[in-house]
Amino acid sequence: MTHRIFICIFLFSLLSTVVTAQSIEELTTEALENNPGVKASYARFEAEMQTIAQASALPDPTFSFGYFISPVETRVGPQRMKFSLAQMFPWFGTLQAKSDVRTHLAEAAYQEFLDQQHLLELTVRITYYDLWEIHERIDLLEDNLVLLKSRKELALSGFSVGRNSMADVIRTDIMIEQSETAIRLLQDKIAPLEFQMNAALNRSQQDSIRIIDRFDSSSLDLPQVADSGLFNNGNLQAVRSRIKAAEAAEVLATRQGRPSFGLGLDYVLVDDRPIQGLDDNGKDVIMPMVSMSLPIFRKKYKAQTQEAVLRKEAMEFSEQNMVNELESKLELKKYAVESSVENIELYTEQVTNAKQVRDLLISDYSNSGAGYDEVLAIEDQLLDYQKKTIKVIRDGLIARAEFLYIIAQ
5 MTHRIFICIF
15 LFSLLSTVVT
25 AQSIEELTTE
35 ALENNPGVKA
45 SYARFEAEMQ
55 TIAQASALPD
65 PTFSFGYFIS
75 PVETRVGPQR
85 MKFSLAQMFP
95 WFGTLQAKSD
105 VRTHLAEAAY
115 QEFLDQQHLL
125 ELTVRITYYD
135 LWEIHERIDL
145 LEDNLVLLKS
155 RKELALSGFS
165 VGRNSMADVI
175 RTDIMIEQSE
185 TAIRLLQDKI
195 APLEFQMNAA
205 LNRSQQDSIR
215 IIDRFDSSSL
225 DLPQVADSGL
235 FNNGNLQAVR
245 SRIKAAEAAE
255 VLATRQGRPS
265 FGLGLDYVLV
275 DDRPIQGLDD
285 NGKDVIMPMV
295 SMSLPIFRKK
305 YKAQTQEAVL
315 RKEAMEFSEQ
325 NMVNELESKL
335 ELKKYAVESS
345 VENIELYTEQ
355 VTNAKQVRDL
365 LISDYSNSGA
375 GYDEVLAIED
385 QLLDYQKKTI
395 KVIRDGLIAR
405 AEFLYIIAQ
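Numbering of the sequence shown is given in my numbering, commencing with residue 5 and proceeding in unit increments.
Read the hints as simulated data drawn from the structure, not as lab findings.
If you're wondering where the values come from, they're calculated on a predicted model, not measured in any experiment.
Keep in mind that the hints are not guaranteed to be accurate.
[What the hints assert, rightly or not] Each computed BS3-like pair below joins lysine-lysine, with the alpha-carbon atoms no more than 30 angstroms apart:
#  : residue 1 : residue 2
1  : K391      : K359
2  : K392      : K338
3  : K43       : K333
4  : K395      : K333
5  : K395      : K156
6  : K287      : K86
7  : K391      : K338
8  : K391      : K193
9  : K391      : K333
10 : K316      : K304
Could you build the full structure based on these sequences and the hints that come with them?
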(Lines of atoms letter the chains of each structure in order from A; the text may use other names.)
(Lines give C-alpha, C1' and ligand atoms only; values in the text may rest on other atoms or scores of the structure.)
Protein backbone atom coordinates (compact mmCIF):
# COMPACT_ATOMS: atom_id res chain seq x y z
CA MET A 5 0.00 0.00 0.00
CA THR A 6 2.81 2.42 0.88
CA HIS A 7 4.44 1.83 -2.50
CA ARG A 8 1.16 2.57 -4.28
CA ILE A 9 0.72 5.83 -2.40
CA PHE A 10 4.27 6.85 -3.27
CA ILE A 11 3.70 6.06 -6.95
CA CYS A 12 0.46 8.10 -6.99
CA ILE A 13 2.18 11.08 -5.39
CA PHE A 14 5.03 10.81 -7.88
CA LEU A 15 2.67 10.69 -10.87
CA PHE A 16 0.66 13.64 -9.53
CA SER A 17 3.83 15.70 -9.19
CA LEU A 18 4.69 14.93 -12.79
CA LEU A 19 1.25 15.97 -14.00
CA SER A 20 1.22 19.19 -11.97
CA THR A 21 4.37 20.49 -13.64
CA VAL A 22 4.21 20.82 -17.39
CA VAL A 23 7.51 21.12 -19.21
CA THR A 24 6.96 23.11 -22.38
CA ALA A 25 9.38 22.58 -25.25
CA GLN A 26 8.61 25.32 -27.75
CA SER A 27 10.67 27.45 -30.08
CA ILE A 28 10.76 31.19 -29.58
CA GLU A 29 8.48 31.68 -32.59
CA GLU A 30 5.90 29.28 -31.15
CA LEU A 31 6.01 31.07 -27.80
CA THR A 32 5.48 34.50 -29.38
CA THR A 33 2.53 33.16 -31.38
CA GLU A 34 0.97 31.72 -28.22
CA ALA A 35 1.54 34.98 -26.36
CA LEU A 36 -0.16 37.02 -29.10
CA GLU A 37 -3.18 34.72 -28.95
CA ASN A 38 -3.56 34.61 -25.16
CA ASN A 39 -2.03 37.71 -23.59
CA PRO A 40 -4.71 39.77 -21.79
CA GLY A 41 -2.86 43.03 -22.41
CA VAL A 42 -3.06 42.51 -26.18
CA LYS A 43 -6.72 41.54 -25.90
CA ALA A 44 -7.41 44.68 -23.88
CA SER A 45 -5.67 46.82 -26.50
CA TYR A 46 -7.74 45.25 -29.26
CA ALA A 47 -10.94 45.82 -27.26
CA ARG A 48 -10.01 49.52 -26.97
CA PHE A 49 -9.62 49.65 -30.74
CA GLU A 50 -13.02 47.99 -31.22
CA ALA A 51 -14.55 50.50 -28.80
CA GLU A 52 -13.06 53.38 -30.81
CA MET A 53 -14.54 51.89 -33.98
CA GLN A 54 -17.99 52.04 -32.42
CA THR A 55 -17.66 55.80 -31.93
CA ILE A 56 -17.51 56.40 -35.70
CA ALA A 57 -21.16 55.48 -36.23
CA GLN A 58 -22.12 57.56 -33.21
CA ALA A 59 -20.32 60.61 -34.53
CA SER A 60 -21.88 60.46 -38.01
CA ALA A 61 -25.46 60.10 -36.76
CA LEU A 62 -27.99 62.91 -36.81
CA PRO A 63 -29.21 64.20 -33.44
CA ASP A 64 -32.34 62.47 -32.22
CA PRO A 65 -35.63 64.03 -33.34
CA THR A 66 -37.71 65.65 -30.61
CA PHE A 67 -41.36 64.91 -29.96
CA SER A 68 -43.48 66.99 -27.60
CA PHE A 69 -47.06 66.94 -26.39
CA GLY A 70 -49.04 69.71 -24.80
CA TYR A 71 -52.51 69.77 -23.28
CA PHE A 72 -54.41 73.04 -22.95
CA ILE A 73 -55.79 73.16 -19.43
CA SER A 74 -57.53 76.35 -20.42
CA PRO A 75 -58.45 75.79 -24.08
CA VAL A 76 -57.50 78.54 -26.49
CA GLU A 77 -60.65 79.67 -28.21
CA THR A 78 -60.44 80.14 -31.96
CA ARG A 79 -63.01 80.87 -34.63
CA VAL A 80 -63.33 77.20 -35.53
CA GLY A 81 -63.26 75.88 -31.97
CA PRO A 82 -61.20 75.51 -28.80
CA GLN A 83 -57.68 74.04 -29.04
CA ARG A 84 -57.39 70.98 -26.81
CA MET A 85 -53.93 69.48 -27.32
CA LYS A 86 -50.80 69.91 -29.40
CA PHE A 87 -48.26 67.47 -30.89
CA SER A 88 -44.86 68.60 -32.18
CA LEU A 89 -42.12 66.73 -34.06
CA ALA A 90 -38.80 68.36 -34.99
CA GLN A 91 -35.43 67.32 -36.43
CA MET A 92 -32.25 69.40 -36.34
CA PHE A 93 -29.63 69.22 -39.10
CA PRO A 94 -26.07 70.47 -38.51
CA TRP A 95 -24.20 72.56 -41.07
CA PHE A 96 -23.14 70.79 -44.23
CA GLY A 97 -20.11 68.56 -43.65
CA THR A 98 -20.28 68.72 -39.85
CA LEU A 99 -21.20 65.07 -39.44
CA GLN A 100 -18.47 64.02 -41.87
CA ALA A 101 -15.93 66.06 -39.90
CA LYS A 102 -17.05 64.35 -36.68
CA SER A 103 -16.72 60.98 -38.37
CA ASP A 104 -13.23 61.89 -39.64
CA VAL A 105 -12.08 62.76 -36.12
CA ARG A 106 -13.30 59.45 -34.70
CA THR A 107 -11.94 57.49 -37.68
CA HIS A 108 -8.43 58.87 -37.18
CA LEU A 109 -8.62 58.22 -33.43
CA ALA A 110 -9.67 54.64 -34.20
CA GLU A 111 -6.66 54.36 -36.53
CA ALA A 112 -4.45 55.57 -33.67
CA ALA A 113 -5.97 52.93 -31.37
CA TYR A 114 -5.28 50.25 -33.99
CA GLN A 115 -1.65 51.33 -34.31
CA GLU A 116 -1.34 51.21 -30.52
CA PHE A 117 -2.76 47.69 -30.63
CA LEU A 118 -0.11 46.69 -33.19
CA ASP A 119 2.59 48.27 -31.04
CA GLN A 120 1.29 46.32 -28.04
CA GLN A 121 1.73 43.14 -30.07
CA HIS A 122 5.29 44.05 -31.05
CA LEU A 123 6.11 45.03 -27.47
CA LEU A 124 4.82 41.68 -26.24
CA GLU A 125 6.96 39.88 -28.82
CA LEU A 126 9.95 41.86 -27.56
CA THR A 127 9.18 40.91 -23.94
CA VAL A 128 8.90 37.22 -24.83
CA ARG A 129 12.13 37.30 -26.82
CA ILE A 130 14.13 39.07 -24.10
CA THR A 131 12.87 36.64 -21.45
CA TYR A 132 13.66 33.69 -23.72
CA TYR A 133 17.18 35.01 -24.39
CA ASP A 134 17.74 35.50 -20.65
CA LEU A 135 16.66 31.91 -20.02
CA TRP A 136 18.87 30.71 -22.86
CA GLU A 137 21.88 32.51 -21.35
CA ILE A 138 21.27 30.97 -17.92
CA HIS A 139 20.90 27.44 -19.30
CA GLU A 140 24.01 27.87 -21.45
CA ARG A 141 26.03 29.08 -18.47
CA ILE A 142 24.76 26.21 -16.33
CA ASP A 143 25.78 23.72 -19.03
CA LEU A 144 29.16 25.43 -19.29
CA LEU A 145 29.73 25.34 -15.53
CA GLU A 146 28.63 21.70 -15.30
CA ASP A 147 31.12 20.78 -18.02
CA ASN A 148 33.76 22.80 -16.20
CA LEU A 149 32.85 21.02 -12.97
CA VAL A 150 33.53 17.67 -14.60
CA LEU A 151 36.81 19.06 -15.87
CA LEU A 152 37.80 20.35 -12.43
CA LYS A 153 37.07 16.99 -10.87
CA SER A 154 39.34 15.34 -13.43
CA ARG A 155 41.99 17.94 -12.56
CA LYS A 156 41.55 17.03 -8.91
CA GLU A 157 42.13 13.37 -9.74
CA LEU A 158 45.26 14.39 -11.61
CA ALA A 159 46.46 16.43 -8.62
CA LEU A 160 45.72 13.56 -6.22
CA SER A 161 47.60 11.19 -8.48
CA GLY A 162 50.58 13.53 -8.52
CA PHE A 163 50.43 13.97 -4.75
CA SER A 164 50.37 10.22 -4.19
CA VAL A 165 53.70 9.85 -5.99
CA GLY A 166 55.20 12.98 -4.44
CA ARG A 167 55.21 15.00 -7.66
CA ASN A 168 53.16 17.90 -6.22
CA SER A 169 51.75 19.17 -2.90
CA MET A 170 48.33 18.81 -1.31
CA ALA A 171 47.81 22.52 -1.93
CA ASP A 172 47.03 21.72 -5.58
CA VAL A 173 44.18 19.46 -4.48
CA ILE A 174 42.82 22.05 -2.04
CA ARG A 175 42.91 24.82 -4.65
CA THR A 176 40.95 22.57 -6.99
CA ASP A 177 38.39 21.88 -4.25
CA ILE A 178 37.93 25.62 -3.80
CA MET A 179 37.23 26.08 -7.51
CA ILE A 180 34.82 23.12 -7.48
CA GLU A 181 32.87 24.71 -4.62
CA GLN A 182 32.79 28.02 -6.48
CA SER A 183 31.39 26.33 -9.59
CA GLU A 184 28.76 24.43 -7.61
CA THR A 185 27.64 27.64 -5.89
CA ALA A 186 27.49 29.49 -9.21
CA ILE A 187 25.33 26.71 -10.68
CA ARG A 188 22.90 26.88 -7.75
CA LEU A 189 22.62 30.66 -8.04
CA LEU A 190 21.92 30.42 -11.76
CA GLN A 191 19.29 27.75 -11.18
CA ASP A 192 17.58 30.08 -8.69
CA LYS A 193 17.25 32.69 -11.47
CA ILE A 194 15.27 30.36 -13.72
CA ALA A 195 11.99 30.38 -11.74
CA PRO A 196 11.41 34.18 -11.83
CA LEU A 197 12.08 34.27 -15.58
CA GLU A 198 9.73 31.33 -16.19
CA PHE A 199 7.13 33.16 -14.08
CA GLN A 200 7.57 36.22 -16.30
CA MET A 201 7.28 34.12 -19.47
CA ASN A 202 4.17 32.31 -18.25
CA ALA A 203 2.59 35.66 -17.33
CA ALA A 204 3.17 36.89 -20.88
CA LEU A 205 1.65 33.66 -22.22
CA ASN A 206 -1.26 33.87 -19.73
CA ARG A 207 -0.87 30.30 -18.55
CA SER A 208 -0.13 28.40 -15.35
CA GLN A 209 2.87 29.65 -13.41
CA GLN A 210 3.79 26.02 -12.73
CA ASP A 211 4.73 25.42 -16.37
CA SER A 212 8.44 25.07 -17.05
CA ILE A 213 10.02 26.47 -20.19
CA ARG A 214 12.45 24.24 -22.03
CA ILE A 215 14.91 26.07 -24.26
CA ILE A 216 15.30 24.32 -27.61
CA ASP A 217 16.71 27.08 -29.84
CA ARG A 218 20.43 27.46 -30.38
CA PHE A 219 22.02 30.81 -31.12
CA ASP A 220 25.35 32.02 -32.46
CA SER A 221 26.67 34.91 -34.54
CA SER A 222 24.55 33.82 -37.51
CA SER A 223 21.46 34.61 -35.41
CA LEU A 224 22.38 38.30 -35.37
CA ASP A 225 21.75 39.16 -39.02
CA LEU A 226 19.89 42.46 -39.42
CA PRO A 227 17.40 43.21 -42.20
CA GLN A 228 18.07 46.00 -44.64
CA VAL A 229 16.27 49.16 -43.56
CA ALA A 230 15.17 51.75 -46.11
CA ASP A 231 15.00 55.49 -45.41
CA SER A 232 11.39 54.98 -44.35
CA GLY A 233 12.36 52.25 -41.90
CA LEU A 234 10.28 53.83 -39.14
CA PHE A 235 7.13 53.87 -41.27
CA ASN A 236 5.63 50.82 -39.56
CA ASN A 237 6.47 51.82 -35.99
CA GLY A 238 3.17 51.59 -34.11
CA ASN A 239 3.72 54.49 -31.70
CA LEU A 240 4.86 56.79 -34.49
CA GLN A 241 1.90 55.87 -36.69
CA ALA A 242 -0.44 56.43 -33.74
CA VAL A 243 0.92 59.96 -33.31
CA ARG A 244 0.49 60.64 -37.03
CA SER A 245 -3.11 59.43 -36.86
CA ARG A 246 -3.71 61.78 -33.94
CA ILE A 247 -2.30 64.64 -36.04
CA LYS A 248 -4.89 63.82 -38.70
CA ALA A 249 -7.54 63.72 -35.98
CA ALA A 250 -6.48 67.20 -34.82
CA GLU A 251 -6.72 68.48 -38.41
CA ALA A 252 -10.22 67.05 -38.69
CA ALA A 253 -11.08 68.57 -35.30
CA GLU A 254 -10.05 71.98 -36.64
CA VAL A 255 -12.45 71.57 -39.58
CA LEU A 256 -15.14 70.37 -37.17
CA ALA A 257 -14.72 73.39 -34.90
CA THR A 258 -15.16 75.71 -37.89
CA ARG A 259 -18.34 73.97 -39.03
CA GLN A 260 -19.79 73.79 -35.54
CA GLY A 261 -19.58 77.59 -35.49
CA ARG A 262 -22.09 77.77 -38.34
CA PRO A 263 -25.89 77.62 -38.05
CA SER A 264 -27.86 74.43 -37.65
CA PHE A 265 -31.23 74.05 -39.29
CA GLY A 266 -34.37 72.37 -38.09
CA LEU A 267 -37.54 71.09 -39.69
CA GLY A 268 -40.66 70.45 -37.67
CA LEU A 269 -44.37 69.89 -37.73
CA ASP A 270 -47.01 70.98 -35.20
CA TYR A 271 -50.41 69.34 -35.05
CA VAL A 272 -53.15 70.93 -32.91
CA LEU A 273 -56.44 69.17 -32.08
CA VAL A 274 -59.41 71.54 -32.18
CA ASP A 275 -62.87 70.71 -30.77
CA ASP A 276 -66.08 71.58 -32.60
CA ARG A 277 -67.96 74.72 -31.66
CA PRO A 278 -71.67 74.35 -30.86
CA ILE A 279 -72.63 76.48 -33.86
CA GLN A 280 -74.44 75.04 -36.87
CA GLY A 281 -73.22 75.84 -40.37
CA LEU A 282 -69.78 77.14 -39.26
CA ASP A 283 -67.21 76.62 -41.99
CA ASP A 284 -64.23 74.46 -40.95
CA ASN A 285 -65.83 73.86 -37.59
CA GLY A 286 -63.38 71.86 -35.40
CA LYS A 287 -60.75 71.77 -38.10
CA ASP A 288 -57.35 70.68 -36.71
CA VAL A 289 -54.26 72.82 -37.22
CA ILE A 290 -51.22 71.54 -39.14
CA MET A 291 -48.23 73.86 -39.07
CA PRO A 292 -44.85 73.09 -40.74
CA MET A 293 -41.94 74.81 -39.02
CA VAL A 294 -38.37 75.78 -39.89
CA SER A 295 -35.81 76.75 -37.26
CA MET A 296 -32.19 77.87 -37.27
CA SER A 297 -29.62 78.15 -34.51
CA LEU A 298 -27.77 81.44 -34.19
CA PRO A 299 -24.13 80.85 -33.15
CA ILE A 300 -23.58 84.47 -32.19
CA PHE A 301 -21.41 83.77 -29.15
CA ARG A 302 -18.23 83.27 -31.13
CA LYS A 303 -15.76 83.05 -28.28
CA LYS A 304 -16.27 79.35 -27.63
CA TYR A 305 -16.02 78.46 -31.33
CA LYS A 306 -12.79 80.40 -31.69
CA ALA A 307 -11.46 78.62 -28.60
CA GLN A 308 -12.40 75.23 -30.07
CA THR A 309 -10.58 76.05 -33.29
CA GLN A 310 -7.52 77.28 -31.42
CA GLU A 311 -7.57 74.16 -29.23
CA ALA A 312 -7.49 71.95 -32.33
CA VAL A 313 -4.64 73.98 -33.82
CA LEU A 314 -2.59 73.73 -30.62
CA ARG A 315 -3.25 70.00 -30.28
CA LYS A 316 -2.08 69.49 -33.84
CA GLU A 317 1.04 71.55 -33.16
CA ALA A 318 1.78 69.54 -30.01
CA MET A 319 1.35 66.26 -31.91
CA GLU A 320 3.66 67.45 -34.69
CA PHE A 321 6.36 68.30 -32.14
CA SER A 322 5.82 64.90 -30.51
CA GLU A 323 6.16 63.24 -33.91
CA GLN A 324 9.45 64.98 -34.65
CA ASN A 325 10.79 64.19 -31.19
CA MET A 326 9.78 60.54 -31.55
CA VAL A 327 11.41 60.28 -34.99
CA ASN A 328 14.65 61.71 -33.59
CA GLU A 329 14.63 59.32 -30.63
CA LEU A 330 13.77 56.28 -32.74
CA GLU A 331 16.44 57.04 -35.32
CA SER A 332 18.98 57.45 -32.52
CA LYS A 333 17.92 54.18 -30.87
CA LEU A 334 17.97 52.41 -34.21
CA GLU A 335 21.60 53.38 -34.78
CA LEU A 336 22.55 52.40 -31.22
CA LYS A 337 20.92 48.98 -31.55
CA LYS A 338 22.57 48.45 -34.92
CA TYR A 339 25.94 49.29 -33.38
CA ALA A 340 25.25 46.97 -30.43
CA VAL A 341 24.50 44.06 -32.78
CA GLU A 342 27.58 44.70 -34.92
CA SER A 343 29.71 45.05 -31.79
CA SER A 344 28.39 41.73 -30.50
CA VAL A 345 29.32 40.00 -33.76
CA GLU A 346 32.88 41.35 -33.53
CA ASN A 347 33.19 40.33 -29.88
CA ILE A 348 31.92 36.84 -30.66
CA GLU A 349 34.69 36.46 -33.24
CA LEU A 350 37.24 37.78 -30.74
CA TYR A 351 36.19 35.51 -27.87
CA THR A 352 35.92 32.49 -30.17
CA GLU A 353 39.53 33.00 -31.20
CA GLN A 354 40.60 33.56 -27.59
CA VAL A 355 38.84 30.34 -26.52
CA THR A 356 40.74 28.42 -29.21
CA ASN A 357 44.07 29.92 -28.13
CA ALA A 358 43.35 29.37 -24.43
CA LYS A 359 42.57 25.69 -25.07
CA GLN A 360 45.91 25.27 -26.84
CA VAL A 361 47.76 26.89 -23.93
CA ARG A 362 45.83 24.75 -21.44
CA ASP A 363 46.72 21.53 -23.25
CA LEU A 364 50.41 22.49 -23.23
CA LEU A 365 50.36 23.38 -19.53
CA ILE A 366 48.58 20.15 -18.59
CA SER A 367 51.15 18.17 -20.54
CA ASP A 368 53.98 19.93 -18.68
CA TYR A 369 52.24 19.41 -15.34
CA SER A 370 51.68 15.72 -16.02
CA ASN A 371 55.38 15.30 -16.76
CA SER A 372 56.97 17.52 -14.12
CA GLY A 373 54.29 18.23 -11.48
CA ALA A 374 55.05 21.95 -11.68
CA GLY A 375 52.89 24.78 -12.95
CA TYR A 376 49.55 23.75 -11.47
CA ASP A 377 48.74 27.38 -10.68
CA GLU A 378 49.15 28.18 -14.36
CA VAL A 379 46.82 25.29 -15.27
CA LEU A 380 44.08 26.59 -12.95
CA ALA A 381 44.63 30.16 -14.13
CA ILE A 382 44.25 29.26 -17.80
CA GLU A 383 41.21 27.12 -17.00
CA ASP A 384 39.64 30.09 -15.24
CA GLN A 385 40.53 32.39 -18.13
CA LEU A 386 39.09 29.93 -20.64
CA LEU A 387 35.88 29.75 -18.63
CA ASP A 388 35.72 33.54 -18.56
CA TYR A 389 36.05 33.73 -22.37
CA GLN A 390 33.29 31.17 -22.78
CA LYS A 391 31.02 33.09 -20.38
CA LYS A 392 31.70 36.30 -22.29
CA THR A 393 30.87 34.57 -25.56
CA ILE A 394 27.48 33.51 -24.21
CA LYS A 395 26.83 36.99 -22.81
CA VAL A 396 27.66 38.87 -26.01
CA ILE A 397 25.43 36.51 -27.99
CA ARG A 398 22.60 37.20 -25.55
CA ASP A 399 23.26 40.97 -25.65
CA GLY A 400 23.33 40.88 -29.45
CA LEU A 401 20.08 38.94 -29.60
CA ILE A 402 18.35 41.47 -27.34
CA ALA A 403 19.75 44.41 -29.32
CA ARG A 404 18.52 42.76 -32.54
CA ALA A 405 15.07 42.18 -31.02
CA GLU A 406 14.90 45.84 -29.97
CA PHE A 407 16.04 46.87 -33.46
CA LEU A 408 13.20 44.84 -34.99
CA TYR A 409 10.73 46.31 -32.49
CA ILE A 410 11.65 49.84 -33.55
CA ILE A 411 11.01 49.07 -37.22
CA ALA A 412 7.97 46.91 -36.32
CA GLN A 413 9.21 43.67 -37.83
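Ascending list of hint numbers which this structure does not respect | none
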